[in-house]
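Residue numbers (the working numbering), protein chains in the order written: chain L, 1 to 347; chain U, 1 to 303; chain P, 1 to 502; chain W, 1 to 365.
It is worth saying that the hints were derived from the structure and are not from the lab. Model, not experiment: these values are computed from the prediction. All residues carry an ideal CB built from backbone N, CA and C; glycine is no exception. Among the hints, erroneous ones may be present.
[To be verified] To spell it out: a stretch of chain U is covered by chain L in this simulated footprint if at least three of its residues, at any positions, have a beta carbon under 8 Å from a beta carbon of chain L; those stretches are:
no., stretch
1, 45-58
2, 67-73
3, 122-129
[Unchecked claim] Simulated pairs of lysine to aspartate or glutamate, EDC-like, Cα-Cα distance not exceeding 20 Å:
no., chain 1, residue 1, chain 2, residue 2
4, U, K296, W, D55
5, P, K241, P, E486
6, U, K158, P, D107
7, U, K296, W, D237
8, W, K222, P, E228
9, W, K323, W, E146
10, P, K198, P, E223
11, P, K480, P, E243
12, W, K356, P, D260
13, W, K357, P, D260
14, P, K392, P, E343
15, P, K22, P, D58
16, W, K274, L, D20
17, P, K417, P, D273
18, P, K22, P, D51
19, P, K16, P, D51
20, U, K184, P, D286
21, W, K274, L, E302
22, W, K222, P, E196
23, P, K193, P, D286
24, W, K361, P, D358
25, P, K195, P, E160
26, W, K222, P, E99
27, W, K323, L, E302
28, W, K222, P, D358
29, W, K323, L, E94
30, U, K296, P, E343
31, P, K336, W, D237
32, P, K22, P, D269
33, L, K253, L, E302
34, P, K179, P, E196
35, P, K438, P, E243
36, W, K236, U, E267
37, P, K337, W, D12
38, P, K472, P, E223
39, W, K195, L, E302
40, P, K337, P, D171
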Amino acid sequence: QGGKEAAASDGRPTIRLLTDATGIDDKSFNAAAWRGIVEYYGDTVEKPANRGKLYDVVTAQTQDMYIPNLRQASDEGYDLIMVTGFTWADALSEVAPQYPDQKYTIVDVDWVGQPNVMEFIYSEEQGSFLVGLAAALQAKEDGIQNPRFGFIGGVPGATITKFEMGYVQGIRSVFPNAQIYDYYANDWGKPELAKAQAKNWYDMGVYCIFSAAGGTGNGTIAQAKEYRNQGKNVWAIGVDSDQYADGIYTGTKSAVLTSMLKRVENSSLMVLKAVADGSFSGGVVQMGMADDGVGYSTANPELSANVVKLVDAAKADINSGKIKIFKTYREALAAGAAPAGLAALDD
Amino acid sequence: MSMIWGMLPSVLMIVAPILITAIGGMICEKAGVVNIALEGLMAIGACTAAAAHVLMEGSGMPHSLSLFLALTMGLVVGGLFSLVHALAAINLNADQTISGTGINLLANGVTIFASQILFSADRTREFRMGMQTDALGIYPTAYIAIAVVVLSWFLLYKIPFGVHLRACGEHPGAAESVGINVKKMRYFAVVASGVLAGLAGGCVVLTQTIQYTSNTINGRGFIALAAVSFGRWRPLGVTGAALLFGTAQAFAIIANNIPALRVLPTEVFNILPYVVTLAALVLFSGKNYAPSAAGKAYEKGAS
Amino acid sequence: MNNITKTFPGVVANDKVILQVKHQEIHALLGENGAGKSTLMSILFGSYSADSGSILLDGKPVEIKNPNVATSLGIGMVHQHFKLVQNYTVTENIVLGVEPTKGRLLDMKRARERVEALSSQYALKVDPDSLVEDITVGQQQRVEILKTLYRNANIIIFDEPTAVLTPQEIDELMEILKKLRSEGKTIVLITHKLKEIKEVCDRCTVLRRGRCIGTVDVQDVSEQDLAEMMVGRAVKFEIDKPEQQAGRVMLSLQHLQVADISGALRVKDLSLDVHEGEIVGIAGVDGNGQSELLGAITGLLPLSGGSILLDGTSIGNLSIRQRIEKGLGYIPEDRKKYGVVGEFSIAENTALKNYYRDTYRKRFGILDFEAMNQEAENLIAQFDIRSAEGAKTNAGSLSGGNQQKVIVAREISLSPKVLVVAQPTRGLDVGAIEYIRKRIIAERAKGRAILLVSFELDEIMNLCDRIATISKGSIVAVNKQHEVTEYEIGLMMAGSKKEAAR
Amino acid sequence: MKLSRQKFIQSDGAVSVMVVVLGFLVGTVLVALVGKNPLNMYKALFQALSGYNIDNGRMNVRYIAETLNYSVPFILCGLSMGFAKRVGLFNIGGEGQYIMGMTIAQAIALLGPRIPVMHWMFAMVGAVLIGSLWGGVVGILKAKYEVSEVVSTIMLNYVALYLSRIICLQLPGATTYKTANFPETALIGNAFFQKITNNSLLNNGIFMMVGAVLVYWFIMEKTSLGYGMRATGFNKDAARASGIPVVKSISISMAISGAFAGLAGGIVALGSFKYGRVLSGMDNYGFDGIAVALVGNCTALGTTLAGLLFGLLKNAQALMQGKQIPKEITFIIQGLIVIFIALRSALKLYQEYLDKKQLQKEVGV
Ligand SMILES: Nc1ncnc2c1ncn2[C@@H]1O[C@H](COP(=O)(O)OP(=O)(O)OP(=O)(O)O)[C@@H](O)[C@H]1O
Ligand SMILES: Nc1ncnc2c1ncn2[C@@H]1O[C@H](COP(=O)(O)OP(=O)(O)OP(=O)(O)O)[C@@H](O)[C@H]1O
Ligand SMILES: [Mg+2]
Ligand SMILES: [Mg+2]
């Protein structure tokens, strides 16, 4: 079962996805990577017909399983092994040189530097800029005076800081002096904290909250749903995948105004195609907005057409370099693009 | 100050499930059975309630009816699983911590396994709308918790049933000799703790998040267990203990919003509730308030 | 009760026992420890169900499945070990299980009134609002009696009610029994005290090793006859105790003050000397500071004041182990709790106090289990300890008497200068009692200073050279054994000075 | 026949084996119920046990080595739980002790003197010491202030988790998820093992684990210290009355108990990783150790075997998933085994029932 031995006769490559403990239902990069894989083989997530034949997934319960799981997958002769998230970087750096003929790919990392590893990194700050911009424009459209905004992070660190900085700069491009609160729950799995903080902020008059906090972020969405359902004009912003559906509270009405999209599925598709046509090579692939790596969701019908138009316009400016987005708090602060006193950390 | 008052509904949201579970644990220990499976039972209740709500809501059932039935099912399944503990602890004189540990482990697997069967995913599908707050911004869970506290107090101290139940935890031999069916009482208590833990699990998912994941309960059952002894096995004491935990959690958020406190590492506030509890336990140590027969198997007729 | 048979794992507790009790009589049930008396009565009371046999009440067969049925049939029981919830009040305990209610709510006011009424009707004085843990054993017994009366029992079973009472309290109890009989109650009295049977009982049934030996009219038999029926052979009541000269002071208690765990002062300014080669008895009703006194001497409880000298050195502040090393031996009252480790073998139990010394300890703290076993085998032979697998038998599987022998063997083998002995024969059968008492007297002959605490006046009178009577934590008087009567001691136990008693 | 049945019921080992078999049986049924082939589960288990892949006939010793390596923290945390349980305490704090051990080992690895061998030894000693401190505190609170060890260990688990973050974030090169790489001198990898096991993670930790098992057995069964502790565990009052320093016994035993878990943390930190982790959640070895000890009946040998079983299940997880068997089945099997262990007391009741029946027959009821 699995592995090269079972490769399809049509020459499609085999792949194993390795994930951390959260698994492929994390609504984040694991889910997206899986979605891309499934799509490549013409299956759907609900009915992965070729699972176990051409592709499969293994979830590591603890981090000390990363290296053994990588080696095990390498033994089984898959054409490609995919891992997601920077926590896998060290394990991959260790294993990849030992299996020089095995192809690997990793998402969110650009420092493995092995000839048999294709590395994908995403410009999260660009997508985050867009959702910040969208939220600010929507607030303006709603006629809100001095709207305030919130950001909830999981565990602080450089990656999450990219999200926060992009978001902050997006807002500030509309309201240069907008008040922006931030909060790090220090945990990826405590929605109650995000929910309590979100309620607190919404009560204070915050208009929109963007959370990049894994399962913790579910609390924000839950709170936004409740308040919208009660008729309050507040929003949550989804992250990684399009969380429009998660935010639906009635009919097609969703409390998720938009989502910062990080299309890891594109990495899956790209790398699988590269393996199939023999163009696979090691090195870093930067997935920016221009490459459709990041973006924002327009699924919510309440996101006004005008806002969409303006945000799409900004996209062009980002691509052309007219809008410059800082990735670190240090830089953003120095350039005056972010307010002082945020809890973001650069390492 | 207004910020702290504003946090009250959130504090209640966090406290309510812990309190409900702790009251269940208290009743159980009052009857002489220690239940360290609270954590697992909460998980089972949470998973059941979330799954049921998703499925019923999706079938077009009225929202509040669906919520009600979901909670009920969480409560029933929690109660059913607690029967395992009851059987082991009451009929078979098993070591009560062992069967509790077993249920906790089992719950890890069973909830996810069930989600895979129902939703082909490691978690339940997300529901549309959980519980709603009232005009004061307070969830029904807070009222459920208050009702549970009052009811438990009434049950344990105001009617003969409670006197009988407590006697089973203090001196089962005495209870047996006056015709109280110790096994039945203990069964009631264990199942009550399972039911309340299941209910509380449902309360957690339906107020704090949008779906059940393996991380949803996240130690709350153990905190409830601690609240039982910290609260000295009295409804009011347990309420106080649960409130302390909830408030300390909220304090981490409040501290975040006060610039002066932001210089401290967040972890300091994360640690706070646990350190406070430890300190309080040392400070108020001395007399042992635990029911004297708690944790010991009772063999009929033994004196 | 007809042909009642009841087995426990490993024991036939009742073997086709027949018991017939008449209306309004006081019927004694006599037998050694373990004869099956409690078991038989537990069957009558529904706590156990018999393996076979039948019960007839007023000629009609009844099936007593549980205590509830017994209660509804008018059968009540005062258990050997009181069945009282310690942190409930007297009233709560009495009404437990049949609480008066108003609607569905507890009506403690009415309960209290009922208790007070019953308590004055039968002259059973108790404070209805006290917690049971705060009242004396005698009072607890009254609570137990009130429990049966509250349930309108017509047949009341008393399981060894006098074991824990002072002679005066026993007299009171006998009066209560007679009063109950005159009020129309039928009473079954379990005891192995022949005097009591002669005093109040009408008829007596004797059990031995689970079998029914016979039923007799008490008037027709002597105490000696009853004793022989009970034991199955001729018995001697007194033990030989040669006169012996006491030596120098070995244990000296000076102005002891001891508080119990809740902080209440239970021993007040107590002073007492014990000499080499003498047995000093502490007579008193349970709960008058004996446990605290024992705790203070052995080191289980801290001293609040005063000092303890052992052979001249102060041991009051030493650890328990240091006291043992200085030559203090202790045979505790509660052998299961303080005496043996049930899951340990006999060998591990006999080494419990000196396992860490060079006898059993080799290099690196390794224990010499071989030596332990050998020593234990010696003791087993020497002390006639009956066990299934010799030194390797788990102590928990031994009978009570043999567990006690293990403890006695351990303590005596350590050759202590002072031996503190508490209730050494409680719950043992006649053979074991004789044996243990002989060993204690043998220790006296070796010149040990022995302090004996017992609630059984018989035992005190039989064994001691001097008797110190304790009441409310203080010594009322110290008397030579032959200069005082049981009756006088009884009065002093109740608190009056000896002079007053005369 | 009758005798052998009695022997069986009384033999803890035999019953444990039966319980494990039962757990697997139920697990098998569950797998079949969800439409998967249970045979695949056993193939995965067999491969994790023997290194032999039945499907393609390939042999790879690395799987055996990984099973062993995973079992190291299970066994050590099992010993931690078991040691406390033998003294009558329920140590739910293995996780916290493990985390603290891990943390200190990481700190010493990054800050300690880079002397070969000495360096990692220092780190391990540090892990053991902090573990014993973390456990010892519980013992002292219990012995001196009667604070329930169940409550205090639960509290200390969380304190450890967050304290570990605070400490690790201060270490050189720390980001919010990892520190700088450890110097070579701090690692406990074993080149020989790597060579013969196809680069498994098996490391010198296994020697420490074996040492710990021996120490456990030696202290418990052979020494006067262990004797005093067992006496305390079985009957605290009798032990105290016999002069055994109970407060000391309890404190020391919790300290030793914590030392085992601390060592587990140190071994995982320096054996399975080349950098320090800044934890954001728990590894759960400490909690699983509870189950390991219970399955192993708290004896040295039993705990070792139970730990190996848990290591096997863990190593089989990935192999099972590769065959589309959900890994949760391993948790279910573990939980069932522990529950069946609890039900073991039923066998004792059954034995008593048989004895009684026998006696009744003799008496002729
Ligand atoms: N629950 C039990 N399980 C096993 N054996 C028991 C049990 N209860 C009593 N026995 C045994 O049955 C026998 C009869 O015990 P019982 O308590 O009826 O004696 P007794 O005559 O009341 O003795 P005592 O004078 O000591 O009260 C004894 O050998 C006792 O050890
Ligand atoms: N309540 C009980 N539960 C279980 N077993 C008991 C109980 N009471 C006694 N036994 C067991 O019954 C057996 C007989 O005990 P018991 O103390 O009655 O013996 P005995 O015949 O009175 O001997 P001794 O004269 O030495 O006291 C022992 O093996 C004891 O462990
Ligand atoms: Mg006996
Ligand atoms: Mg008796």
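For each hint, the structure was consulted:
With 0 residues having a beta carbon nearer than 8 Å to a beta carbon of chain L, the stretch 45-58 of chain U misses the requirement of three or more and the stated coverage is violated. A stretch counts as covered by a chain when three or more of its residues have a beta carbon under 8 Å from one of that chain; for the stretch 67-73 of chain U and chain L the count is 0, and the coverage is violated. Restraint check on the stretch 122-129 of chain U versus chain L: 5 residues with Cβ-Cβ distances below 8 Å, three needed, restraint holds. Restraint check for K296 of chain U and D55 of chain W: the C-alpha separation of about 50 Å exceeds 20 Å, so the hint is violated.
Of the pairs offered as hints, the one joining K241 of chain P and E486 of chain P holds, with about 18 Å between alpha carbons and a cut-off of 20 Å not exceeded. Restraint check for K158 of chain U and D107 of chain P: the C-alpha separation of about 9 Å stays at or below 20 Å, so the hint holds. A threshold of 20 Å between alpha carbons decides the hint, and for K296 of chain U with D237 of chain W the separation of about 17 Å falls inside it, so the pair holds. For the hint linking K222 of chain W to E228 of chain P, the alpha-carbon distance of about 50 Å lies beyond 20 Å, and the restraint is violated.
The hinted pair formed by K323 of chain W and E146 of chain W fails the criterion: a straight-line CA distance of about 50 Å is larger than 20 Å. With a C-alpha separation of about 7 Å, the suggested pair K198 of chain P and E223 of chain P falls inside the 20 Å cut-off, and the hint holds. Distance restraint check for K480 of chain P and E243 of chain P: the Cα-Cα separation of roughly 13 Å lies within the 20 Å cut-off, and the hinted pair is therefore satisfied. A threshold of 20 Å between alpha carbons decides the hint, and for K356 of chain W with D260 of chain P the separation of about 43 Å lies outside it, so the pair is violated.
Taken as a hint, the K357 of chain W and D260 of chain P pair is broken in the structure, with Cα atoms around 47 Å apart against an allowance of 20 Å. Between the alpha carbons of K392 of chain P and E343 of chain P the distance comes to roughly 11 Å, so the proposed pair stays at or under 20 Å and holds. Between K22 of chain P and D58 of chain P the CA atoms are separated by roughly 9 Å; this keeps the pair inside 20 Å, and the hint holds. Under the criterion of a C-alpha separation no larger than 20 Å, the hint pairing K274 of chain W with D20 of chain L is consistent with the structure, at around 18 Å.
As the CA atoms of K417 of chain P and D273 of chain P are separated by approximately 14 Å, the hinted pair is consistent with the 20 Å bound. Annotation: proposed proximity of K22 of chain P to D51 of chain P is violated, straight-line Cα distance about 25 Å (limit 20 Å). In summary, the hint linking K16 of chain P to D51 of chain P is supported, as the alpha carbons are separated by about 10 Å, within the 20 Å threshold. Distance restraint check for K184 of chain U and D286 of chain P: the Cα-Cα separation of roughly 35 Å exceeds the 20 Å cut-off, and the hinted pair is therefore not satisfied.
Taken as a hint, the K274 of chain W and E302 of chain L pair is broken in the structure, with Cα atoms around 50 Å apart against an allowance of 20 Å. Restraint check for K222 of chain W and E196 of chain P: not satisfied, since their Cα atoms lie roughly 54 Å apart, outside the 20 Å limit. A C-alpha spacing of about 18 Å is found between K193 of chain P and D286 of chain P, which places the hinted pair at or below 20 Å, so the restraint holds. Among the hinted pairs, K361 of chain W with D358 of chain P is inconsistent with the structure: their alpha-carbon atoms are about 51 Å apart, more than 20 Å.
The suggested pairing of K195 of chain P with E160 of chain P holds, with an alpha-carbon distance near 13 Å, which does not exceed 20 Å. For the hint linking K222 of chain W to E99 of chain P, the alpha-carbon distance of about 56 Å lies beyond 20 Å, and the restraint is violated. A C-alpha spacing of about 45 Å is found between K323 of chain W and E302 of chain L, which places the hinted pair above 20 Å, so the restraint is violated. Distance hint between K222 of chain W and D358 of chain P is fulfilled; the C-alpha atoms sit about 15 Å from each other, no more than 20 Å.
As the CA atoms of K323 of chain W and E94 of chain L are separated by approximately 26 Å, the hinted pair breaks the 20 Å bound. Between K296 of chain U and E343 of chain P the alpha-carbon distance is near 17 Å, which keeps this suggested pair within the 20 Å criterion. With a CA separation close to 9 Å, the supplied pair K336 of chain P and D237 of chain W stays within the 20 Å bound. A hinted pair counts as satisfied when its Cα atoms are at most 20 Å apart, and K22 of chain P with D269 of chain P does not qualify at roughly 52 Å.
Annotation: proposed proximity of K253 of chain L to E302 of chain L holds, straight-line Cα distance about 8 Å (limit 20 Å). Proximity of K179 of chain P to E196 of chain P is assessed by CA-CA distance (about 16 Å); at most 20 Å being required, the pair is judged to hold. Simply put, K438 of chain P and E243 of chain P have alpha-carbon atoms about 15 Å apart, close enough for the 20 Å limit, and the pair holds. Of the pairs offered as hints, the one joining K236 of chain W and E267 of chain U is violated, with about 39 Å between alpha carbons and a cut-off of 20 Å exceeded.
Among the hinted pairs, K337 of chain P with D12 of chain W is inconsistent with the structure: their alpha-carbon atoms are about 26 Å apart, more than 20 Å. Our distance criterion of 20 Å between C-alpha atoms is broken by K472 of chain P and E223 of chain P, whose separation comes to about 34 Å. The hinted pair formed by K195 of chain W and E302 of chain L fails the criterion: a straight-line CA distance of about 62 Å is larger than 20 Å. Between K337 of chain P and D171 of chain P the CA atoms are separated by roughly 32 Å; this puts the pair beyond 20 Å, and the hint is violated.
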